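Chemist: Protein chains in written order, with our numbering: chain L, 1 to 405; chain B, 1 to 405.
Hints in this document: simulated from the structure, not taken from any laboratory.
Please note that a few of the clues may not be correct.
Chain copies aren't distinguished; within one or between two, either way the pair holds.
Straight-line alpha carbon distances no greater than 30 Å define the calculated DSS-like cross-link-like pairs of lysine-lysine that follow [what the hints assert, rightly or not]:
1) Lys198 to Lys113
2) Lys145 to Lys228
3) Lys31 to Lys310
4) Lys393 to Lys203
5) Lys325 to Lys47
6) Lys31 to Lys145
What you are looking at is a predicted structure, and each value in this text was computed from that prediction instead of being measured.
What follows is the residue order along each chain.
Number of protein chains: 2
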Amino acid sequence: MIQRPRGTRDFSPDEMYRRRQVESIMRQACKTFGYGEIGTPTFESLKLFTEKSGEGIVKQLYNFKDKGGRDIALRPELTAPVMRFYVNELQSFPKPLKLFYFGNCFRYEEPQKGRFREFYQFGVECIGGKGEAEVIALAVKILEKVGLKNFELRVGHLGILRNILGNVPPSVMTIIDKKNFDELKEKINEEKYKKLMKAVYLKEEIFEDEKSKGKELDDLKKVFEKLKLFGINKYNIDLSIARGLDYYSGVVFEVDCPDLGSESQICGGGAYNLSELFGGEKINSAGFAIGFDRVMLGLENEKRVFGKDKLGVYVIPVGEEAKNKCFEVVSILRENNISSDVDMMGRSIAKNMKYANSINAKKVIILGEDELKEDRVTIRDMETGKQEKIPVKNLIKYLETGKIK
Amino acid sequence: MIQRPRGTRDFSPDEMYRRRQVESIMRQACKTFGYGEIGTPTFESLKLFTEKSGEGIVKQLYNFKDKGGRDIALRPELTAPVMRFYVNELQSFPKPLKLFYFGNCFRYEEPQKGRFREFYQFGVECIGGKGEAEVIALAVKILEKVGLKNFELRVGHLGILRNILGNVPPSVMTIIDKKNFDELKEKINEEKYKKLMKAVYLKEEIFEDEKSKGKELDDLKKVFEKLKLFGINKYNIDLSIARGLDYYSGVVFEVDCPDLGSESQICGGGAYNLSELFGGEKINSAGFAIGFDRVMLGLENEKRVFGKDKLGVYVIPVGEEAKNKCFEVVSILRENNISSDVDMMGRSIAKNMKYANSINAKKVIILGEDELKEDRVTIRDMETGKQEKIPVKNLIKYLETGKIK
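Using the sequences and the hints, build the whole thing.
Modeler: Next comes the structure, spelled out in structure tokens:
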């Protein structure tokens, strides 16, 4: 038996049905906000990701040389590909250019709950304009619309953090991002540490703090004002959001689903500058990525009800002669967009009823010699057990309205 | 500037809008036929594909060693992954098990029109039962429903071909599949060649041909009878369909879109046995894969009309004071699932109108000092140019019904 690769998943019809529902709600929410969907390749030049995130990222990548000797990597995230696409082909589009995507990403890391080697991200990029508040609002609306109940939004500002810290190596930012404050104490001087700790715990009061005042705090204040206009009133200030990467420039945010334990972050984003790095003109952008699989886990934890993908009608022939008529009947149903199926195994009625049950058929049609003569079908509701004989010509009307004639 | 890898594509919002429409119609058609969607990983163990197709396939694959030293390949097709999933986890499901998928595949080959290194396949597998006729009918229905006009279905039978040829190496099957009959002449003896040529050109008359009679021809006959019951009357018999691979066992079929020139095949499939090869119990299956990108090319050639993904309303503030109200208005619209956007660039009215035009907004709302005082908005239809003043509280009703009060 050949196993699927470690850290990857297969999705059964039930799982795919749930995932497609959630994906569709997310897509609809983005369209409501005026975003258009784009697609990019699954692999990119390795350089795209090392330019953005540094050589350190390579150890987490699925990278390889293709048969032409090119250094290739499966994408670990989608912001860099989207910005590459933007710089190559979309720079002349009217601004703001509002784009969203849903795609698979890959990281070579130890699999655990909520962490897979192939995982799915749903995200947006708003290129041009002051999009920070809107993308935060959109992220929250998406999570609300898919039905997630317990999640927390935290908003910070990298400028405030950098004003306090001055120039620090990226590793320090990573330590802050992980909230390892004990470790941090050994890496920066005491004065900075105290200032940082004060800022981290200030929360709302920071807007009253004389020493913090400046452009960055005004920025943050405006974002909160806009969030309220967008109907978002539940948020926390968190100045310890560092997001590690240099191209984030201002307001940043994260969303957690606390029920998920150690892998609780389900969304992250903020304002960034990335197009220059890829050879484009400088343009302010804002975006986020939602960890689609973690949202699915969160919804599962909260026992979100999805319903089942039920078959409309299962058609059972009784006797050899009725078979052809059954194929005709199922064709009529399908032409009318009623999901339906017909016995292809030559089973007995009892076994066919069992099969109909196991695939969640809503109704069963039984068609034997008697029905064939009368050009009727016997139709049974699998939930109520109610059974009626219907002329074939009235079948669609009956299924749509419940009326026999 | 970093380029995207050779043979891959980026999809703009307009292209994605068209692709998602076609995908959605295909998905709906499969559900109508009682198929459920599944998903599998983008990469698999290399062995999965060499077991199925032989070592020869490696030169066409994106294969590499992962950081754990495992031999991995990006999937070149989806039948092997689906059957691997079936053998590992789905064998106990009731039969027939009707599955469909939509996914990206990868082949390292020279890019040309209709041939990409990352391409998309939409396909089905019917595991258990006599599914051949149904999958052929479904393939045709899918192509009809997406609106493709000019395509041709050819149906053959590998058993008939093998009875004529006896044991021949796979390379001979490939030659037949490519219809290189001149080259074939040199590879097999004259008697076989004559028989084969006769069979290839026999078409419908083969059913009257005494020498061809047997189980295989009966099989084929039954499939045509069923196809008629499913409403499929347009098909050609083509006994030269060889499909190269050993696991195909009986009825096989292909669909061409002649307008596409040298890469005209848009669908291929048939009956097969594959689960044994992957360690499962023997079970008859049937399936097909549609080349999604080629179908898109075919639709483009035929100038299929898709419409545009238009924004419902674009909101323009006039003056500083109206800005906050504009954010509120756009939030109300979005809460009511009306796709809408608001100026984020601080542009003039004229520039905003130009932007609204460029993003295909159906309506524009103008909100200035006067409107603010009256708690109204001015709303303009971008197609007719008609302009009206509406109380904010009646806005949703107005957009839904066209009535002002």
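Chemist: It remains to establish, for every hint, whether it holds in the given structure.
Modeler: Consistency of the hints with the structure:
| no. | hint | result |
| --- | --- | --- |
| 1 | Lys198 to Lys113 | neither (34 Å within a copy, 61 Å between copies) |
| 2 | Lys145 to Lys228 | within (18 Å within a copy, 45 Å between copies) |
| 3 | Lys31 to Lys310 | both (28 Å within a copy, 10 Å between copies) |
| 4 | Lys393 to Lys203 | neither (69 Å within a copy, 36 Å between copies) |
| 5 | Lys325 to Lys47 | neither (61 Å within a copy, 45 Å between copies) |
| 6 | Lys31 to Lys145 | both (13 Å within a copy, 25 Å between copies) |
Taken one by one, the earlier hints fail for this structure at numbers 1, 4 and 5, listed in ascending order.
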